[in-house]
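Student: Each chain, letter by letter, is given below.
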Amino acid sequence: GNSVTQMEGPVTLSEEAFLTINCTYTATGYPSLFWYVQYPGEGLQLLLKATKADDKGSNKGFEATYRKETTSFHLEKGSVQVSDSAVYFCALSARSTNAGKSTFGDGTTLTVKP
Amino acid sequence: EAGVTQSPTHLIKTRGQQATLRCSPISGHTSVYWYQQALGLGLQFLLWYDEGEERNRGNFPPRFSGRQFPNYSSELNVNALELEDSALYLCASSLSDTQYFGPGTRLTVL
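If you read the sequences in order, they're chains F and Z. If you're matching positions, the first sequence starts at 1 in my numbering and goes up one per residue. If you're matching positions, the second sequence starts at 1001 in my numbering and goes up one per residue.
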């Protein structure tokens, strides 16, 4: 079956540090890949997505590249801010007859200190 | 464009009672998904509805059930509530492969 493995947290960084949150996946076929962000007490917000190999998704300074050869979709940001403190989820959506049941990673908690 | 909405925001029940949670998808979206997020844990897939039919179900007991109405809104019902049902219940809607989430309903079982 499909699975998503995220870098374990929590991750604590100082403001303006470089961020990487690793995400690898297992899926049949060619899934779409996503990063979602969840701020305290809120639902998940779509941060970025990529639908095919070598696509780069980007939003709000975050980016991730769909790497089919390494089955990875690592999230990066060059300079984090305190406001980026949140839980980040990597997810995939498989294009199959079972499509619709997205698979989520366990989430990585990021805390950015001033 | 209005996003996914959920009601109520908070719900407090006692053990053995029933809870009903509601979700309105983004206009034009035909699929609705329900997830349970217990404190400190990830998302656990509950149910997927599309065009009024239940398409897939996660590993939850039958006391978790729901339905989708002709206007594509959805209800999640939890019968015989247990303490461990306390969680944030998230609804998402989609038209294709991208799910858009609502703010969630925080269910507390006392």
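It is worth saying that the hints were derived from the structure and are not from the lab. Hints are supplied without guarantee of correctness; some may be wrong.
[What the hints assert, rightly or not] Each pair of labels, with its calculated beta carbon distance range:
id, chain 1, residue 1, chain 2, residue 2, range
1, F, Lys113, Z, Ser1065, 39 to 47 Å
2, Z, Gln1018, F, Arg67, 45 to 53 Å
3, Z, Gly1052, F, Ser83, 24 to 32 Å
4, Z, Arg1057, F, Tyr39, 39 to 47 Å
5, Z, Gly1040, F, Lys113, 14 to 22 Å
6, F, Arg67, Z, Asn1077, 36 to 44 Å
7, Z, Ser1065, F, Thr28, 36 to 44 Å
8, Z, Ser1065, F, Tyr39, 27 to 35 Å
9, Z, Thr1030, F, Thr28, 18 to 26 Å
10, F, Arg67, Z, Gly1042, 21 to 29 Å
11, Z, Gln1018, F, Gly9, 45 to 53 Å
12, F, Gln45, Z, Leu1083, 41 to 49 Å
13, Z, Thr1030, F, Asp55, 38 to 46 Å
14, Z, Arg1057, F, Thr28, 32 to 40 Å
By construction, the Cβ of each residue, glycine as well, lies at the ideal position given by its N, Cα and C atoms.
Student: Compare the structure with each hint and give your call.
Tutor: Here is what the structure says about each hint:
Distance hint for Lys113/F and Ser1065/Z: a CB-CB separation of about 44 Å, consistent with the stated range 39 to 47 Å. Against the hinted window of 45 to 53 Å, the Cβ-Cβ separation of Gln1018/Z and Arg67/F comes to about 46 Å, which satisfies the hint. With their beta carbons about 40 Å apart, Gly1052/Z and Ser83/F fall outside the hinted range of 24 to 32 Å. Checking the proposed 39 to 47 Å range against Arg1057/Z and Tyr39/F shows it is violated: the Cβ atoms sit about 29 Å from each other.
For Gly1040/Z paired with Lys113/F, a C-beta distance near 21 Å keeps the hint of 14 to 22 Å intact. A hinted range of 36 to 44 Å for the beta carbons of Arg67/F and Asn1077/Z is consistent with their spacing of about 42 Å. Taking the beta carbon of each, Ser1065/Z and Thr28/F are about 30 Å apart, not inside 36 to 44 Å as hinted. The hinted window of 27 to 35 Å between Ser1065/Z and Tyr39/F holds, with their beta carbons roughly 30 Å apart.
Between Thr1030/Z and Thr28/F the CB atoms are about 25 Å apart, so this pair conforms to the stated range of 18 to 26 Å. Between Arg67/F and Gly1042/Z, the C-beta spacing of about 23 Å keeps the proposed range 21 to 29 Å intact. The hinted range of 45 to 53 Å is not satisfied by Gln1018/Z and Gly9/F, whose Cβ atoms lie roughly 36 Å apart. For Gln45/F and Leu1083/Z, the Cβ-Cβ distance of about 30 Å falls outside the hinted range of 41 to 49 Å, so the restraint is violated.
At about 26 Å, the CB distance of Thr1030/Z to Asp55/F disagrees with the hint of 38 to 46 Å. Between Arg1057/Z and Thr28/F the CB atoms are about 20 Å apart, so this pair departs from the stated range of 32 to 40 Å.
Of the numbered hints stated above, those contradicted by the structure are hints 3, 4, 7, 11, 12, 13 and 14, listed in ascending order.
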